[in-house]
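Asker: The residues making up each chain are set out below.
There are 4 protein chains.
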Amino acid sequence: MANILGEKLKIVSFGESHGKCVGVLIDGFPAGFKIDLEAMQKEMKRRQPGQSSLVTSRKEEDKVEIFSGIFNGLTTGSPICLLIFNKDVDSSKYELIKNLPRPGHADLTAYFKYKGFNDYRGGGRFSGRITAGFVAAGALAKQLLKEKLKIEIYAYTVQIGKIKAKEVSLAEIKKNPEKNLVKCADLKAAQKMEKLILKVKKQNDSLGGIIECLILNPPVGLGEPVFNSLESDLAKAIFSIPACKGIEFGVGFKVAEMKGSLNNDQFYLSQGKIMTRTNNAGGILGGISNGMPIVFKVAFKPTASIGQPQKTVNLKTKKPEILKIEGRHDPCLVPRAVPVVEAMTALVIADLSLQAGSN
Amino acid sequence: MANILGEKLKIVSFGESHGKCVGVLIDGFPAGFKIDLEAMQKEMKRRQPGQSSLVTSRKEEDKVEIFSGIFNGLTTGSPICLLIFNKDVDSSKYELIKNLPRPGHADLTAYFKYKGFNDYRGGGRFSGRITAGFVAAGALAKQLLKEKLKIEIYAYTVQIGKIKAKEVSLAEIKKNPEKNLVKCADLKAAQKMEKLILKVKKQNDSLGGIIECLILNPPVGLGEPVFNSLESDLAKAIFSIPACKGIEFGVGFKVAEMKGSLNNDQFYLSQGKIMTRTNNAGGILGGISNGMPIVFKVAFKPTASIGQPQKTVNLKTKKPEILKIEGRHDPCLVPRAVPVVEAMTALVIADLSLQAGSN
Amino acid sequence: MANILGEKLKIVSFGESHGKCVGVLIDGFPAGFKIDLEAMQKEMKRRQPGQSSLVTSRKEEDKVEIFSGIFNGLTTGSPICLLIFNKDVDSSKYELIKNLPRPGHADLTAYFKYKGFNDYRGGGRFSGRITAGFVAAGALAKQLLKEKLKIEIYAYTVQIGKIKAKEVSLAEIKKNPEKNLVKCADLKAAQKMEKLILKVKKQNDSLGGIIECLILNPPVGLGEPVFNSLESDLAKAIFSIPACKGIEFGVGFKVAEMKGSLNNDQFYLSQGKIMTRTNNAGGILGGISNGMPIVFKVAFKPTASIGQPQKTVNLKTKKPEILKIEGRHDPCLVPRAVPVVEAMTALVIADLSLQAGSN
Amino acid sequence: MANILGEKLKIVSFGESHGKCVGVLIDGFPAGFKIDLEAMQKEMKRRQPGQSSLVTSRKEEDKVEIFSGIFNGLTTGSPICLLIFNKDVDSSKYELIKNLPRPGHADLTAYFKYKGFNDYRGGGRFSGRITAGFVAAGALAKQLLKEKLKIEIYAYTVQIGKIKAKEVSLAEIKKNPEKNLVKCADLKAAQKMEKLILKVKKQNDSLGGIIECLILNPPVGLGEPVFNSLESDLAKAIFSIPACKGIEFGVGFKVAEMKGSLNNDQFYLSQGKIMTRTNNAGGILGGISNGMPIVFKVAFKPTASIGQPQKTVNLKTKKPEILKIEGRHDPCLVPRAVPVVEAMTALVIADLSLQAGSN
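Residue numbers (numbering that gives the first Met the number 0), protein chains in the order written: chain A, 0 to 358; chain B, 0 to 358; chain C, 0 to 358; chain D, 0 to 358.
These are calculated hints, taken from the structure and not from any lab test.
A couple of the hints might just be wrong.
If chains are identical, the list can't say which one is meant, so a pair holds when it fits in one copy or spans any two.
Said to hold, decoys possible - Straight-line Cα separation of at most 25 Å, PhoX-like style, residue types lysine-lysine; simulated pairs:
1) Lys-187 with Lys-163
2) Lys-33 with Lys-44
3) Lys-44 with Lys-187
4) Lys-253 with Lys-310
So here's chain A without its partners, still in its complex pose (with noise of 0.2 Å):
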């Protein structure tokens, strides 16, 4: 199941790097429903490259073109597959670098488990450009729990390096990310991010950091008891984005240190509807949503891919190197995953959504 997620609701990723394109494919999305290519469009802005200073130089205009699934304007209930040509492709760095496997990358244990038969130019498959196919499914998902369920998924980064956001209201998390490039809602965070970022770029460094996840208005419901908890399959497909390191739902690990008489989300009744003043537990009680916003955060690790010198072991000569890797890479991938952890997001949720019979 390697590159196939999702149980009503299923999407299978394809593609390489520096392959002629990379692509997904939607199987289980209704019919009937007018997908607006526009907002698809615009998703994908948000995760291209070449876009400044702060993320690669690689030019890819990232066009999602439909192959199969829609008809007149409308899914049709059959498999949409999504195709996204690579264009401004740069192979010439890899060739070099061939048999050096790249410290913090796949490229040592890719090769292993392919016997060296895996595409390694930019990545091939463990590329971060995968997550293009992941954007452009996860904007129909994004639409689908909208307009069906008036369900809205916002991601926006929370912590750079050392740099943390302040908590802010929800009207900044919904408009703020779109206005810097760091994609966080404290605007001024933001600026020290983007600083920083520029400041280890110069470095020939990089930088990790952490994305907040705020799902709204999640129906009652979601989730299974047991081994499809909502953490157990929001987790399995959020660290299915590369770089992905740790996820904690609600007060997360901080929860180590509570007593229960202060984590526990105590309940009371407004309008009728059974709610709790504190969100301790993210949204979510038994593995499943209790109508409470749904909030986690996710730890990304800076890039792998840095200029500065490496140790590492030649694959053919079996004799230590060092490796000082060039080509085009984010000095943060942390600002263009905000819209991937989005995806992966609403794909989950409107699996399940699915799943509970509601559309």
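For this one, chain A is given, so just place chains B, C and D on it according to the hints.
Answerer: Okay, now just chains B, C and D, sitting in the frame of chain A:
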């Protein structure tokens, strides 16, 4: 798929806390393996309730009974059905609070998801008691991994409340946790943790904590790119343990503050094998094991059932009420979760090993 | 997936013929359904051995015991574990022929697949006895279909040896099969079939036959295009019944001799509903139910266990031997397969109905 | 799972008859395999339309284009995306009959299932044209089976209308079918079949038929007991071919008339291998391959699209109408189904072989 986990090695969980039994079905276990029943029962004892003042007073022997799949002491390749009968059931307390969802518990979400038909006694299907089945199945997986692939798995408490264990040697990790009631490898911290739990118990309150898990001698190549990354599969399984709210691999959330030059684990050659001196990646690159020990941490929330008065809403009368939970509960479920983390980890690693054609 | 069937309504089969029990786990059954245990036991009786001279003399009460998933007589939405204990086990005959694979049986293939570790007693996992679990699970599915969707399922013998039943009315299909030992709707043919079976039994030989299955009042739209056509899903489930060697829908293999002008079921309007006067398609067009009754036929081979001398090869000595099978066997398994065909059909139709959002 | 088939080797089908393309995605194909593109294109030609007066006049080159998963001519272990563009599309005839479901076709069931949003042009997703993707994927599976496991698969027409082929030698099965337009191994019967098709074509009518499939040199042990019997998996895949209405293994439905003493294939020893002289079981015992050739027959109905006037009901006006289908159709789809049966068989056998750890 709510109650089924795994691809080649599958487990099916069933049973309820106050029903006849909890159980587990294991499908895909290789034929001809000699089961060590004593070792399995020993694993059960590590999770067993009623053993000290730190845990619930419910007395369960948790004897595993085999109903299928074993012939002459050897596995047959057919599904192995394991049952653990519930013996010390006291449902009296639950009739009283049947309509009063406990804050922090699955009562409310279960009620909505199953329209009130779920077995609410003792949390029913959402009870930590179902993890007895996980431990029984995990015991078989651990035996298989150890005997066939020399893979060993160790989980241990690293934090309870604000008390954190210090880093200790591998030798201590292997022997210390079974020497104390909180299953911590740092014996000094263990003492403090025990005291803290007893103190908080007296306050009718509860504590959360963090468990670390270490997989020794993993083969290179476990896990898949994209949707079945090793992190994805482990996270999905671990989040099926009740009360789990976060997971992080290697340095985890700390990765946000690290630069690439520091975070990347550089390669060197050791006896013909490519290794890394640091292990910030926690043994996983590109979603695939790189042969270094796999390490992750899991956050558990404080037990939701506490004796202190809490606000809830009566599901029948739709009126607010104050709830004081009686019944027998762990003041801190972390120590008993340690063997459960090991079990779920063993099941995932065994499944992936079988998928990879090992054994 | 060897022992798991279904998507939304799943069953897991386990247990062996001469082990402690045979059993079935049902996952995904909707909550709040009142189980009619008496009706379930009645279904079991239809498949039960030891009831007449036409079937094996093994005496099994086949009482279904519920181990989970039912609370106060209602389903909870949790997995339902049903066990049928083996009581009249006589494994003495099997020790003698342990190394002598019976022609027509799974002994040889099981031996190779499980390297000799399979439980060979009574055929173990390959015994027709495992279908007791199918019937128990199917009984629940039948109740659900009938009560919620008014769908009824009837299977009946249409051929045994060379004796073929003539076509009879729907009324006769509904009442006649339970009136005779071979479960045939044509009572005259039934008498001949009974006599034939007794005659062949005396010859230490066995007979095959054909069962027809009729699904009344199916909704339009069950089944999927391409890989989960209704024929695909039904065939997959039916071929899991031991001894089944063929399945055909509607006119089946006769379709080869029909021209399109004759085979096409033309449409007409009846009370606002589009129907067909002929039903050559057996209620399925393009892999999807069209609202007409679904009809298919299933071929069963003669019981492989016969008392006549047969050639085999000793697995230990690798020498040819002559085998005379003792033990208790059905001279014709078709009558007892009738409720099994109904059960598997009910499980598939219930699964597809739940997938379609019915119930 | 409507559009996904397989466990370890999966294929995903997509595309529509009159859309941009039909396609297939192959997930789980082993890395490092050299693809013979010419052989693949040759398989495509066997199914290609427009080649003789016996088949539809639609002209499609059916050139397979590779979009991912191949690097330097070798498989990479990543998903292989294959596209076949639709070139000779004429949808004009379909606008006229948009609301007139064709008898024997999926038009009506598709309309209800997808609420009228399905792409009805040329049958859309239900067209035989989607099998172009099956053949492309199957070509890879056939190459893998032949090269790695020496398994060969042959399908051939054994009946069209009332004309039945006589049994011929294996040598003839291997070479004759490609020598005639109906792909029959009995060359005399082939001539009669060709004539009959031309005659029926003139009558604006169509014919059904039967295809036999033979798997040579299968390993012992493919298939699982219970729900994934080899018959189950093959039947599921074969019933996904449009117009298939029946499948039978070995002697098939004739088994009903055979006594056990005749039907059982007795064992003998041949060069240390246990074999059977008869092969009534079609190479499968207890759902598992026994090493003898696997044989099964598949019934195909006559093409539903015929030029004769037929009764239908207008979906808009809800009035009866008479329909005369125009457009380009095969008078008998059996010859073109032959490579499709081979392809689906190869995909199943390759999947099971990979599951068994072969390759």
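Asker: With reference to the structure, classify each hint as holding or not holding.
Answerer: Each hint tested on the structure:
| no. | hint | verdict |
| --- | --- | --- |
| 1 | Lys-187 with Lys-163 | within (10 Å within a copy, 34 Å between copies) |
| 2 | Lys-33 with Lys-44 | within (21 Å within a copy, 37 Å between copies) |
| 3 | Lys-44 with Lys-187 | within (24 Å within a copy, 54 Å between copies) |
| 4 | Lys-253 with Lys-310 | between (36 Å within a copy, 23 Å between copies) |
The earlier numbered hints are all upheld by this structure, with none contradicted.
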